[in-house]
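*Asks:* If you're matching them up, the sequences are chains X and Z in order. First residue of the first sequence: 11, per this note's numbering; consecutive thereafter. First residue of the second sequence: 69, per this note's numbering; consecutive thereafter.
These aren't lab readings, by the way, just hints derived from the structure by calculation. Just so you know, even glycine gets a beta-carbon here, dropped at the ideal spot from N, CA and C. One or more of the hints may lead you astray.
To be verified - Some chain Z residues close to chain X (C-beta under 10 angstroms, calculated; not the full set):
id	residue
1	138
2	152
3	171
4	190
5	202
6	226
7	231
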Amino acid sequence: MLTISLTHYVVLSALLFSIGLFGVFTKRNAVAVLICIELMLNAVNINLVAFSKYITPTDFTGQIFSIFVITVAAAEVGVGLAIIIAIYRNRLNVDLDNFDWLKW
Amino acid sequence: METSIYSVAAFYGLAATILGAATLVVFMRNIMHSVLFLAVAFIAMAGLFLLLDADFIAAVQVLVYAGAVCIMVVFGIMVIQRTEMKETNLFNRQVMAGAGLTALTVAFGAIFAGRTAWVDMVAADAVPENTVQAIGELLLSKYVIPFEVAALLLLVALVGAIVLARDEEVETSADN
Chain X
11 MLTISLTHYV VLSALLFSIG LFGVFTKRNA VAVLICIELM LNAVNINLVA FSKYITPTDF
71 TGQIFSIFVI TVAAAEVGVG LAIIIAIYRN RLNVDLDNFD WLKW
Chain Z
69 METSIYSVAA FYGLAATILG AATLVVFMRN IMHSVLFLAV AFIAMAGLFL LLDADFIAAV
129 QVLVYAGAVC IMVVFGIMVI QRTEMKETNL FNRQVMAGAG LTALTVAFGA IFAGRTAWVD
189 MVAADAVPEN TVQAIGELLL SKYVIPFEVA ALLLLVALVG AIVLARDEEV ETSADN
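Bound conformation, chain Z alone (with noise of 0.2 angstroms):
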């Protein structure tokens, strides 16, 4: 239990940052600024992080969310949208159907989540000071499969995207 003021007001603070930059990614127009408040939504998530006591998680968010997919998407973008990045990122015609599911889901969820016992299953322990070394010594020793399956899906996924998106002009003009 947090019971800080300072943690409870940078929860909340943190919490209304995500929830409203994540409703501006739906509801923007313009994609260039929905992937602008992607991003503050991905800080935004890292600071909770830090709450939560997982620096390396934080540092990771930054890294790999805010830094390398934001860019990513803003490349791909760049590739794909020629024209004008007005009305570039508008609404379909399911939006009473997509939100009457959202709301099923979300019903469903909060009826789930309203029968599970939360408060018995909460632990005393405190997370330990160092995360960072803990995290390293169960990757390279209890999780090392996983960690290996997951190098190699990195390098697959790699592989894949460079040659899903290759030019097939390139080839030809190689040649030359």
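Chain X on its own, in the form it takes in the complex (with noise of 0.2 angstroms):
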């Protein structure tokens, strides 16, 4: 049966979000970690977008909160990017196994 229904963009969502997830903990450069993590937001948008398309197409609900999802996640690059370069500046890398400060 050839149609594309709104599983077919969760099941896209969920895989993309798995991968997010998995580079999050996995990887050991922190710029990667940040760039799982906006792989993860856009998975989510994708989610909100069809799900604004199947179930509320004339209210535009999930376009407008998928907007917000993306302000907040470019003020969170330029933030996160900010933060890494001021550890950089004090410990002259970026690998996350280092920074244990707060491990007991």
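Got two chains here, separate frames each, mind docking them using the hints?
*Replies:* Shown next, in the form of structure tokens:
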């Protein structure tokens, strides 16, 4: 049966989210973790826009919500990179395995 | 329901591009290549948004993600990685634990998704032709407070990023 339904988009979004989650858990470079978080946020956006089309097509709720997600993600990347650069200046690398000051 | 053969083929092509590029983002050993594949995934996602009748989101996706975010990350990497780029994006020692946690999350998501009656919720209406005008009106009427708060958030993030990333030595050299 050749139709694309809401389920297809939800499955795609779940797979993309899990790829991003795996990257967040396992990458060593702080910038790589940041871009994996971007992948996860984009998976959420796909979900929101798909729900907007299939469930509330005339209200645009999901589309407006995804605009706010994009805004917050852009702010997050800016501040996150600034923090990583500040850490680099102090420690001269961005390897997350070395950032264990809070480890008990 | 999309039934046209072109939209079905477009969905599967874009989905394969997105998932392949996202996998390469995670598994590339050079972080610069990771960011390049991230841009590919973002642009494919813009195509997916066009397929979902969300023209404005697709344009914003290309402008903000493929344009601004990717370039910003590339600049960040240029500042941070002073030595060569090879082997800059390796896995840590928790690959097995990370894979297990991810599998657990996927399993929980699948359980809850399986218990949701997706088919009952699908509306019969179609998305209107002009999404940009409708979104603009909604943003400045019903969603005006979140819109202003988002503007404030961007301002705070801009100032905060400048303050965090500013080199302290610049201040002393500016006095000369």
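*Asks:* Does residue 171 of chain Z pass the interface hint, meaning its C-beta sits closer than 10 angstroms to a C-beta of chain X?
*Replies:* holds, 8 angstroms
*Asks:* Is the interface hint satisfied for residue 138 of chain Z? The criterion is a beta-carbon contact with chain X at less than 10 angstroms.
*Replies:* Since chain X brings a Cβ to about 9 angstroms from residue 138 of chain Z, closer than 10 angstroms, the hint holds.
*Asks:* Double-check residue 190 of chain Z for me: the hint is only fine if its C-beta lies closer than 10 angstroms to a C-beta in chain X.
*Replies:* Residue 190 of chain Z check passes; min Cβ-Cβ to chain X is 5 angstroms, inside 10 angstroms.
*Asks:* Using Cβ atoms only, decide whether residue 226 of chain Z comes closer than 10 angstroms to chain X, and label the hint accordingly.
*Replies:* Holds, about 7 angstroms.
*Asks:* Would the hint on residue 231 of chain Z be counted as holding, given a Cβ-Cβ threshold of 10 angstroms to chain X?
*Replies:* Since chain X brings a Cβ to about 8 angstroms from residue 231 of chain Z, closer than 10 angstroms, the hint holds.
*Asks:* Taking the closest Cβ pair, is residue 152 of chain Z under 10 angstroms from chain X?
*Replies:* Violated, because the Cβ-Cβ distance from residue 152 of chain Z to chain X comes to roughly 14 angstroms (cut-off 10 angstroms).
*Asks:* Report holds or violated for the interface hint on residue 202 of chain Z, using the least CB-CB distance to chain X and a cut-off of 10 angstroms.
*Replies:* holds, 6 angstroms
In this structure, only the earlier hint numbered 2 is contradicted, and the remaining ones agree with it.
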